[in-house]
Amino acid sequence: AQSVTQLGSHVSVSEGALVLLRCNYSSSVPPYLFWYVQYPNQGLQLLLKYTTGATLVKGINGFEAEFKKSETSFHLTKPSAHMSDAAEYFCAVSVRGSGNTGKLIFGQGTTLQVKP
Amino acid sequence: DSGVTQTPKHLITATGQRVTLRCSPRSGDLSVYWYQQSLDQGLQFLIQYYNGEERAKGNILERFSAQQFPDLHSELNLSSLELGDSALYFCASSASSGNTIYFGEGSWLTVV
Numbered sequence: 127a128q129s130v131t132q133l134g135s136h137v138s139v140s141e142g143a144l145v146l147l148r149c150n151y152s153s154s155v156p157p158y159l160f161w162y163v164q165y166p167n168q169g170l171q172l173l174l175k176y177t178t179g180a181t182l183v184k185g186i187n188g189f190e191a192e193f194k195k196s197e198t199s200f201h202l203t204k205p206s207a208h209m210s211d212a213a214e215y216f217c218a219v220s221v222r223g224s225g226n227t228g229k230l231i232f233g234q235g236t237t238l239q240v241k242p
Numbered sequence: 002d003s004g005v006t007q008t009p010k011h012l013i014t015a016t017g018q019r020v021t022l023r024c025s026p027r028s029g030d031l032s033v034y035w036y037q038q039s040l041d042q043g044l045q046f047l048i049q050y051y052n053g054e055e056r057a058k059g060n061i062l063e064r065f066s067a068q069q070f071p072d073l074h075s076e077l078n079l080s081s082l083e084l085g086d087s088a089l090y091f092c093a094s095s096a097s098s099g100n101t102i103y104f105g106e107g108s109w110l111t112v113v
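First to last, the protein sequences are chains A and B.
Each number in this note's numbering corresponds to the 1-based position in the first sequence with 126 added.
Each number in this note's numbering corresponds to the 1-based position in the second sequence with 1 added.
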């Protein structure tokens with residue numbers, strides 16, 4: 127069965143510092159992996175996704191993530207944090223099955239705080 | 002704007018009552034998903050429909066049911082509501098399996 131573990135429920139960085147949000151997954155089949163962001167009182171917005179091909183994936187707002195199969199990881203990074211990055215971030219794995227199933231299994235989320 | 006529309010945005014109801022949450026998927030998307038987000042359980046997958054048929058079931062209570070109509074909109078029915086059902090309910094849609102899943106803004110349900 128697929129699962130996702132996000133290491134650290136809260137991460138605090140200073141504005142301009144590197145952002146690193148950790149995600150490890152468990153999957154018996156090659157996974158599709160996603161990062162979503164949720165701003166306060168809003169829905170989930172897709173940041174980036176990995177399906178196949180290049181393991182370094184670039185997303186919106188300067189974020190990127192690298193799929194490392196040997197480490198079963200898909201960590202999210204951004205070189206320089208901005209105040210507007212403060213939000214909750216969710217890593218997810220897609221459970222691909224037959225008959226057009228494709229639900230997402232989410233991690234518990236990481237709240238990113240950006241200090242001025 | 003993801004293109005997924007959910008109504009109502011906020012709902013307050015009493016224990017024991019029944020409510021219906023409505024979702025319009027993105028134009029052309031055949032798959033609809035329902036998720037529940039709560040503080041203690043996080044984001045939990047409830048159910049998926051594809052072109053009107055149920056395709057996957059998650060941690061959905063027997064008091065909850067859903068359906069997808071011929072025009073592809075979906076409804077989530079929650080009955081015999083309990084305090085613990087208070088949560089944010091998301092609808093999401095995708096063109097097909099493996100495609101990106103887009104989420105609506107959610108429906109906040111408060112049971113008092």
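If you're looking for bench data, these hints aren't it; they were derived computationally from the structure.
Predicted model only: the values in this text are computed from it and were never measured.
By construction, the Cβ of each residue, glycine as well, lies at the ideal position given by its N, Cα and C atoms.
Don't take each hint at face value.
Here are the simulated DSSO-like pairs of lysine-lysine, each with C-alpha atoms no more than 30 Å apart in a straight line [unchecked claim]:
1) B:Lys58 / B:Lys10
2) B:Lys58 / A:Lys175
3) A:Lys194 / A:Lys184
4) A:Lys175 / B:Lys10
5) B:Lys58 / A:Lys195
Partner residues are not named here, just some residues of chain B that face chain A (Cβ under 8 Å, in silico) [unchecked claim]:
6) Gly29
7) Ser32
8) Glu55
Okay, the hints, checked on the actual structure:
Between Lys58 (chain B) and Lys10 (chain B) the alpha-carbon distance is near 24 Å, which keeps this suggested pair within the 30 Å criterion. The straight-line distance between the Cα atoms of Lys58 (chain B) and Lys175 (chain A) is roughly 24 Å, inside the 30 Å bound, and the hint therefore holds. Between Lys194 (chain A) and Lys184 (chain A) the CA atoms are separated by roughly 15 Å; this keeps the pair inside 30 Å, and the hint holds. Between Lys175 (chain A) and Lys10 (chain B) the alpha-carbon distance is near 28 Å, which keeps this suggested pair within the 30 Å criterion.
Using a Cα cut-off of 30 Å, the hinted pair Lys58 (chain B) and Lys195 (chain A) holds, with the two alpha carbons roughly 28 Å apart. Taken as an interface hint, Gly29 (chain B) does not check out: its beta carbon lies about 14 Å from the nearest beta carbon of chain A, beyond 8 Å. Evaluation of the Ser32 (chain B) hint against chain A yields a held restraint, the C-beta minimum of about 6 Å falling below 8 Å. Checking Glu55 (chain B) against chain A: minimum C-beta separation of about 10 Å lies over 8 Å; hint violated.
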